[in-house]
Amino acid sequence: MDQIIIQTLHGLVNGMVLAMVASGLTLIFGIMDIVNFAHGDLMMLGAFVGASVLGVTGNYWLALVVAAIVIAVLGALLQVTTLRPLIGRDPLTTILATFGVSLVIQKYALWQWGPSVRRISEPVPGEFTLFHLQYPWYRVATAVLAGLIIGGLWLFLKYGKYGIWIRATTQDRVMAQAMGIPVPLVYTAVFAIGSAMAAASGVLFGPFAGVTQTMGFDFTLRAFIVVVVGGMGNLGGSILASIFVSLLESYASIVVSPAQAVIVSFVVLVLTMLFRPTGLFVPTPK
Amino acid sequence: MTAMPAARPTPPATAYWIGFAVVVVLLIVAPLVLPPFWQRFATEILVWGLLAMSSDILIGYTGMVSFGHSAFFGLGMYGAATALLTVKPPSLGLALLYGLVAAGAAAVFVAYFATRLRDIYFAISTLVFSQIFYVIIFTWTEVTGGENGLTFSQPRLTIPGIWSDRFTPVTFHWFVLAVVVLSYLLVRRITQSPFGMVLQSIRENEPRTRAIGYHVERYKIVAVMLSGLFAGLSGVLYALQNKFAAPDFVFFVVSGEVVIFNVMGGMGTLVGPFAGAAFFLLLREGLSRFLTEYYLIPLGIIFIIMIIFLPQGLLGFLRRRLNT
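Protein chains in written order, with the working numbering: chain B, 1 to 286; chain G, 1 to 324.
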């Protein structure tokens, strides 16, 4: 019983971080039809930038903000240089292009920061006792913070002027353009926002297991899975799916090793794609 | 596919076969004149080219991008390893058979599920399936050797009743070349058959193909299986060359490289993937001499530039000629 409660908490915390990664990915997909293969690598890069800033200044919150801004600028540059020329081509070419970007980022991180694991120290000290376990507070704080950031993104999309521009572009590109919304600029901004979300989640995830230059692929894959399970381009759906999949993985790791528990999320994905390809957490399309 | 113009100085088919013969002769002579390092390199290009060509059946001819070819390649490797480790005396034929069966079984499994999905969903699902195989192989240490993989000794090259000898690098190159040339001719024949035409019409317009009355899913399943078999074959060859099977080759990186080979060389040409593999491996060889493992930074940038400015790949301009 206590095992289950611990794993529930664990799953919720991991789920919130994953939800943050996935919300950036789903935002980019929903608006631009781009499957961003480099998303996990932007997250990794953000985490490294965060770790470096933390090393210099010692301030975690500053690191979080700086990482988000740096990666947002990088994301905007990437969008302008690599993805903008591909608009109007087969969406599959964007997978290939972002895959190329992911290779470059990964090796750049290896070159710049080396192969060893970078620790990001915990922003919130202290632990509380949960049955036989000392559970650190910062994990809970991270989950709450991730929730707040996602909530902020949602409010921005719902009520902010530019948020409404973004949603208008999602619904009907041509009409949005006709109404005077600068669609190319919206694309760039959305990619920047998505990248910033990835970077922030990287810094948030940093204290959990440290940062390595190979973590990107893992997160790209997991974010893909929850984005498809939650319904492509559907923000709420991918958040629920992140929590759902992370909980399942946590429970599975009671029985099998964590390396094998990953298969659970693969199976969820395959079943979803077969029986409900529009996503688990969206209303049935009429 | 549009029809060829009627009158030409040389019929394209003749020019094609002359070119084909020249390339094959060059590849036969290559190991005799090259130093050992480049000899091995040439063999490797053939093996990776075969893998890339198998993926071209899907990417170039059916319009489905597979990000999971490492699974078939890796299972081919492990199949060959199993045959060589369990059956005494080690037999080349059984290694091929086991490898093809393993890759084929995986391909049936993947094909059954993944072909119901389209475009990026197909790409993601193949990626996920290959990761499933990777996790199984990586964690099932008793059977697969886990992280260390399996090592074995090379079987003898045997033609029953006539000849039996140890492989030398030169005879191994010729063996690989023979397998690759036969596979190429077979796949070429398949893509030009009515079946191949249906695949190409799925690429061009899937709803219309379905409307004409073709059972699109069935064609896709067969395409994935064929592709998986040839990928498995290249896995067997690679295992034989290196005398090991390792989980690294089931990992996504290999699948990614296969896609790069196709994009660089030219999708939908069958020959292009070989050119792409050669181009990629030569670039890697040249760049890694002074950049070590960071060769992927310039290579990735070249790849992106090619996607933007040269979407047809190196041999894309030959596409029509190569398919006649």
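There may be inaccurate statements among the hints.
Claimed, not checked - Estimated spans, in silico, between C-beta atoms of each pair:
(1) Glu-127(B) with Lys-88(G): 35 to 45 angstroms
(2) Arg-118(G) with Ala-259(B): 47 to 57 angstroms
(3) Ile-254(B) with Pro-35(G): 52 to 62 angstroms
(4) Leu-155(B) with Ile-212(G): 29 to 39 angstroms
(5) Ile-254(B) with Asn-242(G): 52 to 62 angstroms
(6) Arg-210(G) with Glu-127(B): 51 to 61 angstroms
(7) Leu-62(B) with Arg-210(G): 52 to 62 angstroms
(8) Gln-260(B) with Val-108(G): 17 to 27 angstroms
(9) Gln-260(B) with Phe-113(G): 12 to 22 angstroms
(10) Thr-129(B) with Ile-136(G): 47 to 57 angstroms
None of these hints come from the bench; they were simulated from the model.
For glycine and all other residues, C-beta sits at the position ideal for the given N, C-alpha and C.
Right, here's what the structure says about each hint:
1. Glu-127(B) with Lys-88(G): 35 to 45 angstroms: At roughly 58 angstroms between Cβ atoms, Lys-88(G) and Glu-127(B) fall outside 35 to 45 angstroms, so the hint is violated.
2. Arg-118(G) with Ala-259(B): 47 to 57 angstroms: With a Cβ separation near 31 angstroms, Arg-118(G) and Ala-259(B) fall outside 47 to 57 angstroms, so the hint is violated.
3. Ile-254(B) with Pro-35(G): 52 to 62 angstroms: With a Cβ separation near 57 angstroms, Ile-254(B) and Pro-35(G) satisfy 52 to 62 angstroms, so the hint holds.
4. Leu-155(B) with Ile-212(G): 29 to 39 angstroms: At 50 angstroms between Cβs, range violated.
5. Ile-254(B) with Asn-242(G): 52 to 62 angstroms: Given about 39 angstroms between the Cβ atoms, the range is violated.
6. Arg-210(G) with Glu-127(B): 51 to 61 angstroms: About 60 angstroms separates the Cβ atoms of Arg-210(G) and Glu-127(B), which means 51 to 61 angstroms holds.
7. Leu-62(B) with Arg-210(G): 52 to 62 angstroms: 57 angstroms, holds
8. Gln-260(B) with Val-108(G): 17 to 27 angstroms: 23 angstroms, holds
9. Gln-260(B) with Phe-113(G): 12 to 22 angstroms: 20 angstroms, holds
10. Thr-129(B) with Ile-136(G): 47 to 57 angstroms: The hint (47 to 57 angstroms, Cβ to Cβ) is violated, given that Thr-129(B) and Ile-136(G) are roughly 38 angstroms apart.
When held up to the earlier numbered hints, the structure conflicts with 1, 2, 4, 5 and 10 and fits the remainder.
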